[in-house]
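Quick note, the sequences are listed as chains P and D, same order.
FYI, the numbering for the first sequence is 1 to 926, going by my numbering.
FYI, the numbering for the second sequence is 1 to 926, going by my numbering.
No lab work stands behind these hints: they were computed from the structure.
Mixed in with the good hints there might be a few duds.
You can't tell identical chains apart in this list, so a pair holds if it fits in one copy or across any two.
Restricting the straight-line Cα-Cα distance to at most 20 angstroms, the calculated cross-link-like pairs of lysine to aspartate or glutamate (DMTMM-like) are [said to hold, decoys possible]:
(1) LYS701 with ASP515
(2) LYS545 with ASP515
(3) LYS701 with ASP524
(4) LYS849 with ASP768
(5) LYS237 with GLU601
(6) LYS451 with ASP684
(7) LYS106 with ASP234
(8) LYS363 with GLU530
(9) LYS701 with ASP511
(10) LYS545 with GLU104
2 protein chains.
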Amino acid sequence: MAKSRPVPTKKAAKKSSAPAKKVAKKFIYYFGKSRCDGRGDMKPLLGGKGANLAQMTFIGLPVPPGFTITTEVCTYYYENGKKFPPELTDELGKAIAFIEKETEKKLGDPAKPLLVSVRSGARDSMPGMMDTILNLGLNDRTVEGMAAATNNGRFAWDSYRRFIQMYGDVVMGVQKRHEHEHEPFDEVMDHLKHEVGVKEDTELTEVHLRELVARYKKLIKERTGKEFPNDPMDQLKGSIGAVFGSWMNDRAIVYRRKYRIPDEWGTAVNIQSMVFGNMGDDCATGVAFTRDPATGENVFYGEYLVNAQGEDVVAGVRTPKKVQEMADDPVIGPAYKELEKVRKTLEKNFGDVQDFEFTIENKKLYMLQTRNGKRTAVAYVKIAHDMVKQKLMTPEHAIRSGDPEAMNQLLQPVFDRTDYEQAKKSGRVLATGLPAGPGAAAGKVVFSASKAEQMAAAGEKVVLARIETSPEDLRGMIAAEGILTCRGGVSSHAALVARQMGKVCVAGAGDISIDYRAGTLSVDGIVMKEGDAISINGTTGEVFKGLIKTADSELKQVLVAKTLAPGDSELFKYYDFIMKLADKYRTLGLRTNADTPEQVENAVAFGAEGIGLCRTEHMFFEGDRIDAMREMILAESLEQRQAALKKLLPYQQGDFEGIFRALAGKPACIRFLDPPLHEFLPHDGKQQAELAKKLGISADKVAARVSELHEFNPMLGFRGCRLGIGYPEISEMQARAVFQAAAAVQKEGIKVKPEIMIPLVGFKRELDLQVEIVHRVAQEVIKATGQKIKYWVGTMIEVPRGALTADEIAQTAEFFSFGTNDLTQMCMGMSRDDSGSFLGRYQEEGILKANPFASIDVTGVGQLMKIAVERGRATRPDLKCGICGEHGGDPSSVMFCHSVGLNYVSCSPFRVPIARLAAAQAALKK
Amino acid sequence: MAKSRPVPTKKAAKKSSAPAKKVAKKFIYYFGKSRCDGRGDMKPLLGGKGANLAQMTFIGLPVPPGFTITTEVCTYYYENGKKFPPELTDELGKAIAFIEKETEKKLGDPAKPLLVSVRSGARDSMPGMMDTILNLGLNDRTVEGMAAATNNGRFAWDSYRRFIQMYGDVVMGVQKRHEHEHEPFDEVMDHLKHEVGVKEDTELTEVHLRELVARYKKLIKERTGKEFPNDPMDQLKGSIGAVFGSWMNDRAIVYRRKYRIPDEWGTAVNIQSMVFGNMGDDCATGVAFTRDPATGENVFYGEYLVNAQGEDVVAGVRTPKKVQEMADDPVIGPAYKELEKVRKTLEKNFGDVQDFEFTIENKKLYMLQTRNGKRTAVAYVKIAHDMVKQKLMTPEHAIRSGDPEAMNQLLQPVFDRTDYEQAKKSGRVLATGLPAGPGAAAGKVVFSASKAEQMAAAGEKVVLARIETSPEDLRGMIAAEGILTCRGGVSSHAALVARQMGKVCVAGAGDISIDYRAGTLSVDGIVMKEGDAISINGTTGEVFKGLIKTADSELKQVLVAKTLAPGDSELFKYYDFIMKLADKYRTLGLRTNADTPEQVENAVAFGAEGIGLCRTEHMFFEGDRIDAMREMILAESLEQRQAALKKLLPYQQGDFEGIFRALAGKPACIRFLDPPLHEFLPHDGKQQAELAKKLGISADKVAARVSELHEFNPMLGFRGCRLGIGYPEISEMQARAVFQAAAAVQKEGIKVKPEIMIPLVGFKRELDLQVEIVHRVAQEVIKATGQKIKYWVGTMIEVPRGALTADEIAQTAEFFSFGTNDLTQMCMGMSRDDSGSFLGRYQEEGILKANPFASIDVTGVGQLMKIAVERGRATRPDLKCGICGEHGGDPSSVMFCHSVGLNYVSCSPFRVPIARLAAAQAALKK
């Protein structure tokens, strides 16, 4: 969500960046009272954090002064063997001087030491993925100056040791060398604590901390052979390099892959003067949302810690207070009033819910960051509805800011009411934490991300339980049904990621303790081992022992089960508002891939305007049909085959009648038989023997036919229109079923719009041969029934040759539908079923940016689609073009379909809302 | 052969046809003494027969006057629902008047009846494929006139009854209705003969023939409800329609498909005044070649019959005399002298061996037809050599008139003629499959590769019979004399390997079934056991019971076996002359697909200028290597895999050394490992158990790995560069083997030109990752050996995506080689191994004009090749482009490769002469 922002206008964006490119490149943008170069719409150049810091500065909010090194420097850095542009050193000096002037402090000056933070800032926020350095500027001399200035030696030396630790870890690479090792800096501290006989970090005195600093430096020297740098400018350059370097760390790469952020975007680096929330009880630090990001309620939603640094809130070490409690704080109470004003200013100025960080230093409020708040899908629809109605958000932004994929969350199950009540009554509630990601999840509990991944890959449902999560747990979190943590608030890493991914999450369930080594979770004497069943309610925060059944979501109850009236659901109101808004903007048609009347009904409820793909082969598996189908395949003569087909005809006709009725006049694109015939035959001896008995032939004959139909590469074998060309009587039966059904339903006064789609066409003549049959049968049925039936014939474009000869094929085809599954397989030479063995590696190696079977490969497969549309329409200008591959429900593929001028996309019923929103976003893109 | 003729010039052709198109279309061209519109180079318009009749008329040879209706009328006829252009009737009248004036006879005039023949005449000769009508103009009145004029009533009535029979059959469609019925006209005649008590047709008197005519007419009326037309103009129009109609008869369509003649060409119709070779003993008719078409000897070669019609010679009812015998004929002897002159005139004027028909009517010689004579490959090389030396043929025509494909005939072992005829006569043909590897093989039948090896090692000649072959059978295939399979087409594994090795192969003999367990081959109740004698003819596809003697071809004795000195072979002299002539013209380079030094030597002897494809995987099957290969595949860690690869390295290096030496400085394009790994593992339990024992692991582990590697569509699975990306250590070993071999051979003073080819590339980044390894290893080896090695890296373009993104890929690739086998499979969505089940039907239905795995599908696959060449060279103008798919040895594909600007074609060693000639033809085409 919240990927772009509507204000200021694009023109402004162009104005501000274009000239910079033409003349010498400007690498650094300032933000401060005396000068503010950036604006909120310069995210590609300044990153999200940098652009918004500039914007906040620009509108007068209290932002500590600083500057942003552009993403172009990051690109330069990677394109030039990890070197900075030569001019940067000079610019950096000037920029530091700018901060020094604004703050009246000086980098490296013991008298008035300037300390800065160095933070990454990508175009899209990537929380926790990249490295950060705080307290930069401290060294053996400035630490004494800071101690004097703050009159707090312990604070100064604690800040110093934190800085050394961070710098040593991130910049100098002093990290644990084996998985089982302790963090080296932690180990040094633990030793010291043991020596001096204290338990908590906070018990360490200034003297202890001085000793700790010495030991940290020694550790760095031992491990790296290098001294910790005393020169602040050296510290600064090292830190900038480390932030750029972290753009390419594993975590960041995994994250970008998941969210399809291109590696080329790069990150900006923000250098900002430090403010301290941990200088005493008149200091605090906090994180807040302008509205509730889980439910969308219009309430101020946030938390803070007195006398703490920002990471203390996020890391969940101490449990923070709700932001509202600040009002009653005798020391920092006044700052709360200011915060409430900031909340309003932000929403008004940024046109969306903001997620911001603040620090109070000696009672004075500072804004450290703001960004559009990530939210659940429930919150998205409510916030969009409310803020549009309040005229705080433009309708365009309401559409643009949605994550189409997240619409799925609205359809995710909740707990079955009875089972849930039962579980509560029978005392199975283990604990209650914070409701950090709404929904219901149940499965086997696991305690490590790797285990979660591993078990999920084996098809198990798992709940990942961690003391607290860190970015390293990301893959495990993705794999799990739900996430449970013992520590951390609603702004903790777990909660944040869960919200973004629509994961069920209970955070900070403090009563629970987890022992990683023992592999247990215990609470109140109850001990659960890895693999034990657990259920969590992310809407209430409850944690249950055992499995609880799940039930339909509210939206599903309204639209699918129809057990709830639309008027009784608030959620439906918000959802419907967004969907109708989307319909206003989208120009792409919406269809569904459905084979049964039930599927059609669901899809229509979700907004489908017809069937884009009715797979007729699915109809041959039900009940007795499969016997007739097998009889047909085993037939040894045309007569036998026709006899078997005659049995199939009424079944198929009945199916089509049901579908036509359910569609009530909407078009139905019906694909003729596609899969290889052996898919219909039994492959084990016993079943073959049974079938032989049923058909009164020898088992050997069945086995022989199965082996005859065996293929080395069935995907490229005797299937698709090849079946209908080999056995025209099959196509004839199918055509007859379609037209007789159409005639019957039309007679009932219901409109029918059959579109007959011939699969796997690579040659015009293939289509011609099949279309000849269709026309002939149509005329026969029209004559026999007296019903005039309007119908269309077309083809799937799924073979590269079909795309390349689209001009010829369009002479016959009245429509094209892209079968992007097969088109992808053939264009890339990758079998979807077999690519599992290398796709992972391919994504890691950066060969593929996304799974090509989930998201269209625009560069390769996309070219074939473009070629086909262009050539097809050159022959037949009104050629209707759609897509019916799995990609039809993938947002980025929908964007591409819009851009190449398709008429519609078709996807599975439950993905229709996703496609609906994505189509609207596509229309708004240009 | 003999597809075009060099004289007259092309300019003339353009001149004569272009204006006709601009103004009103000219439908009819005259040939006669008073006017001759056509010329020999107007074949597209007048057909081969018509153009040559005109040319013969033009140069003064005695041709009965007539006219030609152009092929454009045929096209019009089919484009307008089988109707003639309206102007035709009028033009036809004028044309008949022209013949009447020239012959001083009149159509339908009983006094001086003009009789004409109506014959088809396509651009390329299609002997016997289309219909012919003779004696047109006879009716109840003219027959009497003819009787009077010739003073031979029996002759007149016999001509009449022949005409009615032909017309009734061809134009009015009186034909047998069931297969088991007699020809209806024959039946009527047989009845009459029985009634009047005669045995031979010739015994029928004029009176009998008059009765026969009456009965024929009755038959026509009964069968068609229509009267036999008396009006000669009606007869004429009916006959013209029938000839056009015969263009689309089954025979003609099948023929055109075989010789790749487009349906759109159409046929011309020739109407010519009749002359009679059957009016008495001063009449004769004959067929002759200006040289011997079987051996190429410069001797007059023909035969004739006295008192006969042309079809009597062809039909072989009476045994004709050698044309030389005519010299001694007291009556028509003088005509022989004239014929000898004609022979010289024809060769001089047409620049090639002519195959002509003549008739002597009352001692006067008439020329009825001439065309370039079809000939064997042996005759082709001798004739071309001789006639060029005699300055009778231009060198260009010598090249153009060859059939490249037929060059294969010069290389294949042959059956001993007598023994072969004997086997056919005695009914020893068991079945007929696809002629997949030309030549003759005989030996003991075996059903496993290991048995084949074992028996061959013991000095036995064996024929390996398999249901189908796989790479595991390779050694057995090498050991066998010939290969027989029950499944698979001309591009199946068996056929592919057979061609590359010049092995005799009959593939896909579907009537044969093989039972591996019983160790039998059975067909039609005949059961053969292992060790029984079998013979296969890879030129015809026949499979014989028992042994048929074989012999090595002369050319093979010179070039391969070297048992015959070049100077001792006349055939070699002619062959070498043509090949060197071809080299003068061709601009395409010639390479070979070879994996061993022996193959390289053969290919170089045939004219290869380097290796276009060295498949490294074949090297892993020999001896102990397969064990190390299997160990590598079964390795569970990088270390284990590297240990196994270390064992493979020296083998592979040794192979490359041998190849570099054999090439002696010619380039070697080496493809890295391509096939899916499971191809290297044993699939049956027993072998798996053996392997497990050898490697000291459990059989279950082997089985598990085999099943893990199983793929649904292996063609689109984990193979090609995906292997090297998944296991970079494999590519590293291969690169090391190449460079260490190169360094070693270079040290010996032999030049090396390694080109490393990465297979199955669809993404630039795939190539980048592999090329990185190659460069790194190259530097290591160069450093270690001190040998500077120049090498190239490139890729196969075989995935459609690779072709579509060729611009990106060419940034890294220094060369492209089209893997048209896979490119065809993917572009068309057709698995080569599985397409057998529908390719036949596809060719019958006119979807495919040729087998796309034999001849490049220019429309589809060709587009991808063009795109790749254009985009690749846009990035890298000097990009070297070649082809290494099987198509590289297919003449029409070679033409296409030339036209898209490839630098070279590569094919199996024994197809090099084919490609060599085809490349020269391609260069001469424009």
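Status of the hints after comparison with the structure:
no.: 1; hint: LYS701 with ASP515; verdict: between (30 angstroms within a copy, 15 angstroms between copies)
no.: 2; hint: LYS545 with ASP515; verdict: within (17 angstroms within a copy, 61 angstroms between copies)
no.: 3; hint: LYS701 with ASP524; verdict: between (44 angstroms within a copy, 18 angstroms between copies)
no.: 4; hint: LYS849 with ASP768; verdict: between (39 angstroms within a copy, 16 angstroms between copies)
no.: 5; hint: LYS237 with GLU601; verdict: neither (61 angstroms within a copy, 63 angstroms between copies)
no.: 6; hint: LYS451 with ASP684; verdict: within (17 angstroms within a copy, 31 angstroms between copies)
no.: 7; hint: LYS106 with ASP234; verdict: within (15 angstroms within a copy, 114 angstroms between copies)
no.: 8; hint: LYS363 with GLU530; verdict: neither (47 angstroms within a copy, 99 angstroms between copies)
no.: 9; hint: LYS701 with ASP511; verdict: between (40 angstroms within a copy, 16 angstroms between copies)
no.: 10; hint: LYS545 with GLU104; verdict: neither (58 angstroms within a copy, 105 angstroms between copies)
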